[in-house]
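S.K.: Make a model of the complete structure from these sequences and hints.
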Amino acid sequence: MTVAAAPRTAAGTSRRGSGRGPWLFLAPFGLFYLAFLLWPTIWMFIASFFHTSTVRAGLGSFAGLDNYTEMFSRSDFWSSLWHTLQFTLYTVPPLVILAFVLAVLTNRLRSGQWFFRLAFFLPFILPSATISLIWVFIFTPGTGLWASVQDLLGPTPAAGMLTDPRTAMIGIAIATVWWTIGFNFVLYLAGLQDIPRELYEAAAVDGASPGQQILRITLPLLNRTTTLVILLQIIASLKIFDQVFLMTAGGPGISTRVSLQLITDTAFTDNRIGAASAASVLLFFIIVAIAVIRQVAESMASRRAGEV
Amino acid sequence: MSATAPPSGMKGAISAAAPVQRPARPGSSSGSTFRIVSAIVLAVFAVLWLVPSLFALKTSLSDNGTAALGAAEILQDWSPTFYSYATLLGAGDIWNWYLASAITSILTTVLTLLLASMCAFALSRLVFRGRNAVMLLILLGIMIPGQVLVVPTFQMLGWMNLLNTYWAVIFPQVPAVIAVFIFKQFFDGIPRELEEAARIDGAGLWKIYWRVIMPLSRPVIAAVAVLTFVGVWNNLMLPLFVISNPDLMTIPVGLATVQGSFGQRYADIQAGAILAALPLVALYLVFQRQIVEGVTGTGLKG
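Listed in order, the protein sequences are those of chains B and V.
Heads up: the first sequence at position 269 corresponds to 269 in our numbering, and the numbers run straight through without jumps.
Add 1000 to the 1-based position in the second sequence for our numbering, that's all there is to it.
Don't read these hints as lab results, they were simulated from the structure.
All clues given are correct.
Some but not every residue of chain B turned toward chain V, in silico, with C-beta under 10 Å:
#1 L26
#2 A47
#3 T54
#4 R108
#5 R117
#6 L118
#7 I125
#8 S132
#9 L145
#10 A175
#11 V186
#12 G211
#13 L238
#14 I263
Listing some non-contacts, in silico: residues in chain B with all C-beta distances to chain V over 12 Å:
#15 Y90
#16 T167
#17 R303
Every residue, glycine too, gets a C-beta built ideally from N, C-alpha and C.
M.R.: In structure tokens form, the structure reads like this:
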């Protein structure tokens, strides 16, 4: 399991590559894996039980479950978790449903698919800093593009999208849907292109309307893609940090402050690594739980595909 | 990598053959109505999706005075100026940021490509004790959310004396477990006969990896390379916390840090946003296929 076990395998005869060979290929990546993935994970768990700080070296004094009980009793911990969930609830449905609809419509085009792929996917490769600067400017209170369009449509609400605690998270969600829909869009498009056109032709001959074709053929055959898209989307949304940090910095007040921001504030502003680690562990478990569901769903889906 | 779009020739053949197969049927008129409606809906959404980028571009080509007046004034201004771009590129900071972004993105990409493909080669081609344990670790690694590790990662880098160096941005992004998966999947599909000849000629493992497997893996190398590069270029959180020296900041972090001091210079801000993205947009236009295939082939997401 570890690199240290390497010499012993030299005795075992293997058909391909014997001795240290395999381990020499694994070791370079393995070192980075241990140093920057596995060890930080383990360290996060350890530090969560200590009064670790950035000010003093070492772990600090043993804290037991103090860091956890502190987090559970802090109202800003729960509100940051709620804001994370709120962001997830605002973004996942449009990102999944709209991506599906746009992909289905694009897939039916005889020509010009490249244009829509470009239009919907291009924002996805932009840095979060770029999209945040663009959308903060669009949401400028009073004179911004968003306010101007609202002016055309009717009376304008006084506060800007991002400066009103009631709408700030909606503004972040709008920017995020615009930014990342391309990812789900190309996943759906790839799934759609695996469905043979003959199925639609046959259904059309039987008199099925385009709506019926989508409900009876497309949706069921894309079940697997939809499961993947939803779970990946939930995981990505739970890890929200960039857009909030850049667009509202958690404000107004703490009305959009999310979990990762609470974690980094506790660690780097309050210098309380232990408490931040406890909060990290809790978020870690939430995300890993969804990731495990994804793995199970994936293996169930591929097993079912294997049976057919 | 099976997710390529069908070649347009094939689609053409199907639609050309269609009229012969299809008898006149009542559904056909509703089919064409549907097609027109969906084209209109698509067009509306495409416009909605293009407007923010185009508006940013338009703003960046206005002068700061006009940009401060509001959206209506920006859209009615027909005297484009490159003043904001000249200001930013002339100030010098941005070149340091470009350099930092380029160095960290390129080095991380090279290291990830090499190390992940070597690891995948061992897992795909070699039989050794402990192989299942390694596979399990890799599977576990895929589920670990990197961003949540920002606090312990910061501590590790501190102990290694790497804070405020490019390495602090590079090293934590090298163990991209998903890259091992993509490579292994591809290697598993390469017929073993191809390396038998080299083996009979007495080629060692390294030669088989470097001379036989890797040259056959160009498409997957390209996909992983482009995705890694884009991911590192766009990473905000890691460089934000491990770099505090303004000269070493990557371009997203540099921009995020100075935007406050820009105040009402909206044209400059939008020009900065566009300059940060420009290399990626160029990369996307060149490697569109690899990026889209990489995304669909893996379900990779930051």
